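There are 2 protein chains.
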Amino acid sequence: MARLFHVPLSPFCRKVRLSLAEKKIEVELVEERYWEKDTDFLRRNPAAKVPVLRLDGKMLAESAAICEYIEETRPDPALMPRDPEARYEVRRLVGWFDDKFHNEVTAKLLYERVNKKVTGEGYPDSRNVKEGARAIKYHLDYMAWLLDQRRWLAGDAMTLADFAAAAHLSSLDYISDVDWNRQAVVKDWYAKIKSRPAFRSILADQIPGFRPPAHYADLDF
Amino acid sequence: MARLFHVPLSPFCRKVRLSLAEKKIEVELVEERYWEKDTDFLRRNPAAKVPVLRLDGKMLAESAAICEYIEETRPDPALMPRDPEARYEVRRLVGWFDDKFHNEVTAKLLYERVNKKVTGEGYPDSRNVKEGARAIKYHLDYMAWLLDQRRWLAGDAMTLADFAAAAHLSSLDYISDVDWNRQAVVKDWYAKIKSRPAFRSILADQIPGFRPPAHYADLDF
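The listed protein sequences correspond, in order, to chains G and Y.
For the first sequence, UniProt numbering gives the first residue as 1, with consecutive numbering after it.
For the second sequence, UniProt numbering gives the first residue as 1, with consecutive numbering after it.
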């Protein structure tokens with residue numbers, strides 16, 4: 001069976017979990033204390049990052065490379081369109097969330113509030129938290145602008161771009177950092193993706209010391 | 001003609017320039033003062049980052065998405081292998097350089113020494129510079145470990161992974177931050193890639209206020 005070395009609230013791990021689940025690839029989840037950098041973990045991935053996926057007898061790292069590999073070896077159901085322009089748009093948005101959104105929002109809210117505590121790095125920097133809280137509004141508005149023109153973020157079909165975005169937002173929702181009342185169209189999109197069977201394992205996550213809000217796992221939030 | 005909005009020493013822009021040149025796609029280069037975030041630039045790319053490429057009548061952003069698009073629409077000469085495992089390895093290494101190497105080395109050397117001065121953000125933080133100088137050694141050793149087993153970084157053919165790595169290293173070489181004597185196999189690899197016609201425009205770059213070392217454009221460095 002596939003085995004994923006992961007951290008439950010890592011958006012990069014969640015994106016891979018969603019891809020695997022959507023394609024009905026069974027996976028054993030192994031929590032990785034990546035910040036301890038023990039030799040076993042470094043042997044699995046010299047980059048010392050999660051996710052690391054054992055699949056097809058290989059150890060795979062880098063979430064974008066992993067998702068493309070899964071897509072190329074298990075194309076059904078498709079999470080990438082076939083047309084190069086549409087594929088570009090999916091990859092642009094995956095980059096948007098995993099780079100820009102990550103740096104401006106996830107790193108400033110989730111990493112400050114959760115990762116610092118879990119890894120023993122200390123207290124949240126309130127300036128970062130404030131910046132993250134401001135930046136997420138702009139990102140929700142950008143998503144609303146996209147979703148006003150399209151059924152899903154990258155076009156009319158659900159793709160890796162939706163999983164990348166949902167991975168970040170679901171981790172932030174676990175710590176109540178998403179204002180779902182800001183943009184109705186974003187809330188509708190999230191309700192749609194949240195109700196997929198692929199999302200179940202993510203909604204069942206429990207992180208010791210952090211209790212999610214009641215609406216976190218609620219499909220009618 | 002294609003038009004690339006870029007910054008000369010940006011490794012992400014250089015990776016795109018190398019891809020375009022290798023595929024003999026003529027491009028007009030337009031320097032972008034991205035840090036001024038003027039409205040024209042934000043219209044071109046709401047992420048406010050370079051590179052932005054105008055190609056096939058569209059504005060394309062996110063260097064990884066751009067390179068995959070170029071590859072899918074202009075597959076000849078190939079910068080990606082055909083086998084999914086080999087493609088995974090290319091993408092893993094592009095991620096390695098554009099994320100890990102970027103954060104640990106490029107941001108701490110190039111951005112401290114050059115970008116801060118150009119954008120008026122002040123002086124280099126010597127602690128960052130020291131960390132970057134230490135980290136690049138480890139990365140050169142990792143490259144040597146790969147190149148001891150392979151002709152190119154991701155396998156026996158030149159790929160986007162080589163361009164990603166060469167883009168970062170060439171920008172750092174412009175400010176004399178690469179110790180080419182550390183690993184002979186890395187120096188040989190760089191000499192090979194540097195002598196390609198696709199590299200010429202990069203070796204001709206001149207950044208006002210920063211004079212490159214004599215060896216920068218020398219093919220027998």
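It should be emphasised that the hints constitute simulated quantities derived from the structure, not laboratory data.
Mixed in with the good hints there might be a few duds.
Unchecked claim - Stretch-level coverage of chain G by chain Y, calculated; a stretch enters the list once three of its residues show a Cβ under 8 Å from a Cβ in chain Y:
1. 17-26
2. 58-66
3. 80-88
4. 106-117
Said to hold, decoys possible - One side only, chain Y facing chain G, incomplete, derived with CB under 10 Å:
5. A64
6. I207
7. G209
Small disclaimer: the values here were computed from a predicted structure and weren't measured.
Ideal Cβ positions, reconstructed from N, Cα and C, are used throughout, including at glycine.
Against the structure, the hints come out as follows:
Note: the segment 17-26 of chain G has 0 residues with beta-carbon separation from chain Y under 8 Å; the three-residue rule is not met and the coverage is violated. With a cut-off of 8 Å between beta carbons, the segment 58-66 of chain G has 7 residues touching chain Y; three or more are needed, and the interface restraint holds. Proximity of the segment 80-88 of chain G to chain Y, defined as three or more residues with a beta carbon under 8 Å from a beta carbon of that chain, is established by the 4 residues found. Only residues whose C-beta sits within less than 8 Å of a C-beta in chain Y count toward coverage, and the segment 106-117 of chain G has 0 of them, not enough to reach three; the restraint is violated.
The beta carbon of A64(Y) comes within 6 Å of a beta carbon in chain G, closer than 10 Å, and the hint placing it at the interface holds. Given hint, I207(Y) at the interface with chain G, is violated; its Cβ is 25 Å from that chain's nearest Cβ, farther than 10 Å. With its C-beta approaching chain G no nearer than about 28 Å, G209(Y) sits outside the 10 Å limit, and its interface hint is violated.
In this structure, the hints that do not hold are numbers 1, 4, 6, 7, in rising order.
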